[in-house]
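Novice: Read off the chains here:
There are 2 protein chains.
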Amino acid sequence: MRISINKTISTPIYIQIKNEIREMIYAGTLPKSFSLPSERKLAEELGVSRSTVIKAYEELKTLGLLDSHMGKGTKVIIENYNQLLNNEKHTLPLSWYQFFDSNIAPANDHTIIDIIDMIECKNTIYFSGGIADPELYPVDTIHRLQENLYKKCGKDMLNYSAVEGYYPLRDSISQLMKLRHISSSPKEIMILSGSMQGMDFIARTFITPRDVVIVEEPTFMGALQSFKLAGAKVIGVPMDEEGIKTDILEILLNKYKPKFIYTIPTFQNPSGTLMSLERRYKLLELAYKYQVPIIEDDPYGELRYEGNPIPSLKSLDQYGYVIYLSTFSKILFSGMRVGWIVAPSPVIKKFSIIKQMTDLHTNVPSQYILDSFLREGLYEDHIKSICREYEHKRNVMVKALKKKKNSGISFEIPRGGYYIWCKIPDGILQPQLLLKSSHKGIVYTPGNVFYPEETDGNNYIRLNFTFENTKNICYGIDKLLEAVEESASEIDPLSDYKQSLKKPIV
Amino acid sequence: MRISINKTISTPIYIQIKNEIREMIYAGTLPKSFSLPSERKLAEELGVSRSTVIKAYEELKTLGLLDSHMGKGTKVIIENYNQLLNNEKHTLPLSWYQFFDSNIAPANDHTIIDIIDMIECKNTIYFSGGIADPELYPVDTIHRLQENLYKKCGKDMLNYSAVEGYYPLRDSISQLMKLRHISSSPKEIMILSGSMQGMDFIARTFITPRDVVIVEEPTFMGALQSFKLAGAKVIGVPMDEEGIKTDILEILLNKYKPKFIYTIPTFQNPSGTLMSLERRYKLLELAYKYQVPIIEDDPYGELRYEGNPIPSLKSLDQYGYVIYLSTFSKILFSGMRVGWIVAPSPVIKKFSIIKQMTDLHTNVPSQYILDSFLREGLYEDHIKSICREYEHKRNVMVKALKKKKNSGISFEIPRGGYYIWCKIPDGILQPQLLLKSSHKGIVYTPGNVFYPEETDGNNYIRLNFTFENTKNICYGIDKLLEAVEESASEIDPLSDYKQSLKKPIV
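If you read the sequences in order, they're chains A and B. Numbering-wise, UniProt numbering puts 163 at position 163 of the first sequence, and it's gapless, one number per residue. Numbering-wise, UniProt numbering puts 101 at position 101 of the second sequence, and it's gapless, one number per residue.
To be clear, the hints were calculated from the coordinates, so they are not data collected in a lab. Some hints could be false.
You can't tell identical chains apart in this list, so a pair holds if it fits in one copy or across any two.
[Unchecked claim] Derived DSS-like pairs: lysine-lysine, alpha-carbon spacing no greater than 27 Å straight-line: (1) Lys233 <-> Lys349; (2) Lys399 <-> Lys440; (3) Lys75 <-> Lys178; (4) Lys384 <-> Lys423; (5) Lys55 <-> Lys178; (6) Lys399 <-> Lys479; (7) Lys228 <-> Lys349; (8) Lys155 <-> Lys384.
For reference, chain A alone in the conformation it holds in the complex (with noise of 0.2 Å):
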């Protein structure tokens, strides 16, 4: 056995020596049952300490590859290794493609994976995304909670949780609902890890490939993407200052028979829109004609800067179709990844199923948190400071945009929620944009991925008005502005011409 090791190497001595004789053993020079030297002995020829080999040889024990018995010494216990290197020779690294299922192949939608990347680059004014403003987040009362929590119940915060959640913070979530004018018991509760966890089981439980699902156009692209992976064909409804536009609806509603309608009715995203009263009572009416669920999507509800509270559908909703979906990321803070949904028994049996599939139950020290947050009463006075902040940054936002005449943007004032969405000139090209305000340090969300067809939508971008400081939101409008203008400035007055001479004439 003869081992060459280099002690000008940075490789530890050690590795070497394991490294050589486990290449001899898979190269079969060092056939099963061959008795290694002794520790001392290769030690002494190797100019090594004992304790090298020792080690070396430890490696090469924890690998499989030898074995030593008091008295009896150290030997290979592998065989096979010819044969088995005979075959690897024509092994080929796996090709992974070929094995993803036809639905999850094509998707490369990164776009909220890319977005939340950008948080990373500290010098970016971010008003894409829809993130809470962190410096409202109330950490020195979670974490005076979570101390009290940890001396009375530190292991059972630590240990499982029943599947639907924690039943105390169903309860706390209950009487949240009262307040929402939603009467449901904790049983018709259950805790999720994210709201978009909701739209997930939806898709899952309801969804069957080619089924048709409708939303408001445009919607919330998490769940255009949850619904399209389940295989639906997403149709959208036009919206109009009162919402979704019903008449358009109930064509579509007569047309195809849908496995439900998806709505954010309040501070919707990312219009802004609130759906008038009328409406809401509108679509239940048609809900309620062509037996189709609703699922109400209602994270901005309490975000609310101005006018009258306009109950949920589900507090309207006398006849059990609307599933209700809520949570705290957008009034709290989202890292710790809960939300909710309310809705009727053998819907939640069925959530049931999956969640236990899937994370099991949601972060048990986080339900226990929130759930204390909700029963020491911190949640109304939380509410009512954040709206003042976001009223005001909203109002900062608004002040900047219309600061330049003829931007070419238009807007309306959103009355609460977490975004204001523009409209930009005629002509500019949404990645030529997109590529000036980056370069400026700025982010938006363009408007295409909010529409089922990632075609429409190229005249709106998305602005979130929460997250970044009244500094950085009047400057970085007055760079987004700038990019505006410039990129208008560079629309090339013939483009629609040109356009229409690459149409194939009928």
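Since the structure of chain A is already known, use the hints to place chain B on it.
Specialist: Quick look at chain B alone, frame taken from chain A:
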């Protein structure tokens, strides 16, 4: 406007007023623009305080039925109620069952849910499930780490993280993987909300309905459920004391082209089997030969109570055919729901698409805490101390099971992990034994849930030895043996004969 109130019933007066007015609006008795009496006037009429009426009107405003303006009084603002009501008269509560996708509709296997629910019954001795001993949770350490983290980076801990996980934790796990002889960069590691989530992602990424998936028989029921829900045909391969029988596997690989092979090579769930090194090489060889990926699930690998470690498949795999799953749930505690997957980067990319559409990312505070735990070097000592305890508990359970000669129960002593897999006497009816045991306050998991075809496994039960204390283990096993004895004494010697009579005569 006539309102009748009843002061003798428990419904608050303002609610009675609200309900009466609401009914009148619904019924069209109070049409749109109808002026309600002033609060003062109505209070006088009804003989109640003014604040009661104010409260009732406020509720009606929140419901969107009334509005009031200074000097103009309070008016009804809803029309079309008659029409709405006419439509609604024919509305039936929605029958949700008709909307469920056909995959999910028949799913009603609540085994894990039911078992977890049972923990709530404090008087039950719990040999079912796979839960770490709560007495061994490092509660004080976690509390201390958390304390430091809140002081140092409270805000960041509550914010979003990257979809693939908090990078420092991915890095710490990459170091941990080195101790398991797996070399992987942080980019090949994705943090999961429990390793069960990995199973779900694998099912959704790889399985197209009617694909064949190969598993050990018996195997983890959660994996069976996930694969089946995704539409796979799941085929089991028997095991012997060295693990999966690779000769039978090869026949199946020849016959089918399976999407992947799912295995728990080390201290298998439920059988406790430790796959031999030679078998591991043989399994890899077959994977290479037939170009089939291997999913290696390793929740128990570090819980070794005797014998030498055997390297994981992932550490032996030279060609990137193995996806490796692990978790903190069995080593530390399960309430935080943090696991991880090590996979080639094309797979991590697909998983991150699904991750962002399900829970976006794993709970951030827990990722920070586990990262601190690993970085402070607390993991290795923790493993050592729990292995000592679990070895002891295993020995106690083995001794208790062997106390009665001729109990008819037989088993192999597992060299690690969480479970003892027991064969019970032929002829005992599983539901009867389950019932008898539960009457004696003992729960365990019946063998059939671990088989692809649940008609198999009726001669086995799985006992967990980590959760209960040694006193309960002794007492519980005594009771279980009693139940087995009683069930055995009731075996109908003619049952086989009777059963055969029921079969159609061919």
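Novice: Any hints this thing doesn't respect? Which numbers, in order?
Specialist: Violated hint (a single one): 4; every other hint is consistent with the structure.
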